[in-house]
Amino acid sequence: MSRLRLSGVFAALLSTTAFAAAPAPFDKPGVKIALVSYISAGDFFQAYQSGAEAQAKKLGIDLRVFPGKQDATEEREQIEQAVNLGVKAIVIDHGLPESLKDVAQKALDAGVKVIAFDVNLDNAKIPQVEQSDHLLAKLALEQAIKDNGESFKVGYVYVAGFAPLDRRDEVWTEFKKKYPGIQEIARFGAVNATTAASVADQAKAVLRAHPEITVIFAPYDEFARGAKLALGELGLADKVKVYSADVSTADIREITEAGSPWVATVATNPAVVGAVSVRAAALAAAGADPGHDIVVEPVLLTQKALKESGVTTVEELSAKLPAFGKSSAATAAWIPE
Amino acid sequence: MSPDLFAFARRGAVFALLAALLVGFSLAEPAFLGLANFMSVLQSVSVVAILASGVTVSMAVGGFDLSVGAVAASTVMVSAYAMVVWKLGAAATVALALAFGLGVGLVNAALIVVVGVPDLLATLAINFLLTGLQLIPTAGRSIAAGLILPSGETAKGAFDPAFLSLGRARVGGVAPVPVLMMLAVGVLVFVLTERTRIGRLLFAIGGNEIAARLAGARVERLKTLAYLISGGLAALGGVIVAARVGRGDISSGASLLLDSVAASLIGFAVLAARRPNVLGSIVGAIFVGVLLNGLTMLNVPYYTQDFVKGAVLVGALGLTYGLGRRRA
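Chains D and S, in that order, give the protein sequences.
Each residue of the first sequence is one higher than the one before, starting from 1 at the first, in the working numbering.
Each residue of the second sequence is one higher than the one before, starting from 1 at the first, in the working numbering.
Chain D extracted, bound-state conformation (with noise of 0.2 Å):
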């Protein structure tokens, strides 16, 4: 009975000496982990780098930030230049396949670890995290049809070759199988430095050629954010719904406007998706294995839930509703939250 209970109090011992110990390279403050990002404007994309620059200042880490400023050669380089800075490892944050593979590989060989964030890199040694996009877009198309019934015209915002907008787009094609009443009738889309204009300007062309579209679904919020201004542009506010995926605080603002056509999005906090890739290439710096595939899972927030919480800003959404603020993916006992 005394032994168990020494080693119930061992255990107690070693539990709290090992959140404080952490493994090496992390005893010692200062380990480089580079972050590089495909797309930097946006307010996703802002709000996923703070959430990462938060987690490694916790870590102790010195996070450099390479902008990919939606220039896939840049990318490339920049992936190169942090092997050459001497990093642990690596997060590559979106970006094409094609371009990054080789270089990806090129890192894992100079010892450097490296993490994909909605890049799908096809390697076994590469964990993928993902806000579990298949969910993202179930959970959209699914209150589209308890807003709308199963019947609906829509216009479909996508850019081929983006891999969470892929795994959202897979979900879209099984509904449509799903639900014959459901008819695409004009896809668009663009993804630059400009995103929610470019669209707009694209949703308005659309719009006035197929005036029988009733929702416009665009699992990115900046895509979104176009649809709602050619909407607003063209006096079909009323008229057009628009479903989406992803959140930020500019973004409540106009779901929450008064007569927004914005009703829907299901989202992560990118800020919790920014500090779980770290955390994950933390982990896999200290030699620990983060796991293949590490998921953020979503929420759906609707404009009638959202305009009765009052909540404005996405801190405010997040200490609301825990599910949306916290993620338990990718922890050990000795990364601070």
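Derived from the structure by calculation, the hints contain no laboratory data.
Note that the Cβ used here is the ideal one computed from N, Cα and C, for glycine as well.
Check before you lean on any hint, since a few could be wrong.
[Stated by the list, open to error] Not close to chain D: a few residues of chain S, all C-beta gaps over 12 Å, as computed: (1) Trp86; (2) Leu96; (3) Glu153; (4) Leu188; (5) Arg221; (6) Leu225.
[Said to hold, decoys possible] Computed list of lysine-lysine pairs in DSSO-like fashion (alpha-carbon distance at most 27 Å, straight line): (7) Lys156/S <-> Lys176/D; (8) Lys320/D <-> Lys58/D; (9) Lys153/D <-> Lys239/D; (10) Lys88/D <-> Lys58/D; (11) Lys32/D <-> Lys57/D; (12) Lys177/D <-> Lys156/S; (13) Lys87/S <-> Lys101/D; (14) Lys28/D <-> Lys58/D; (15) Lys156/S <-> Lys101/D; (16) Lys153/D <-> Lys176/D; (17) Lys239/D <-> Lys138/D.
Starting from the known structure of chain D, arrange chain S on it as the hints suggest.
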């Protein structure tokens, strides 16, 4: 300061600054000095340097090829289309891409020489035309394996690995192919513009077209040559970008025009040339590349990079035009 010393200082200014940068950055961040990093920097500026060489040649005849960025970007799409949709091999694709660049150069030259449109305006118009044209064959979508064409069928080709190695391989494990191409282009264009009669005629036309014509230079033909060179080099740059990106991405090459024009203008300050010159353009491109690479290594925020590029350009132009006025 005596006039000789002054002239010496002006001529060596850019090189002195470059040396100072290299020393400074190496002291601040030892990782900067590695061979791998050096090759990385050269590789990152190789496409801009090649395009800048083309712009320099067009500036030599008193023109200005503003279409180089769009030609490079369109060449990315042409190469991707050739491999993914038509299933051509690497050699055929490169030949097609270069032919495309030369073709655009010919169109530019025709507009300028035959129709009489001022250089700047003609190439700007072609710039817009190409930016739009590259999107039409694929209905605005990027080209990758498995692309769904506007007709509904799926494209069955893929990027040829031999083509990709043009942008990714390293000769001897050390020197990236694009860097070797940049050096080769630099040497060839340097010899053409600075050491041959044709080069002298090109600059003569740029200096005073009427005098050159009266002296017997075939102005139309030489101008056409200049734009052919510019278009061809821009296409070569596009091939390298396509090989690196591995996909016909519609947004590649967005910043190429401004970066290559900036490099050409910084080239005016190198060796106090005060005229378009290839050596200067390439040194200019490398200068900006070294500066940005060093600043990144020192964790200077990325959003200041464009500001730094602009400051360097203003400084170089000030150096070139400001100091010269006090010639004794």
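Return the numbers of the hints above that this structure violates; sort them in rising order.
-> none
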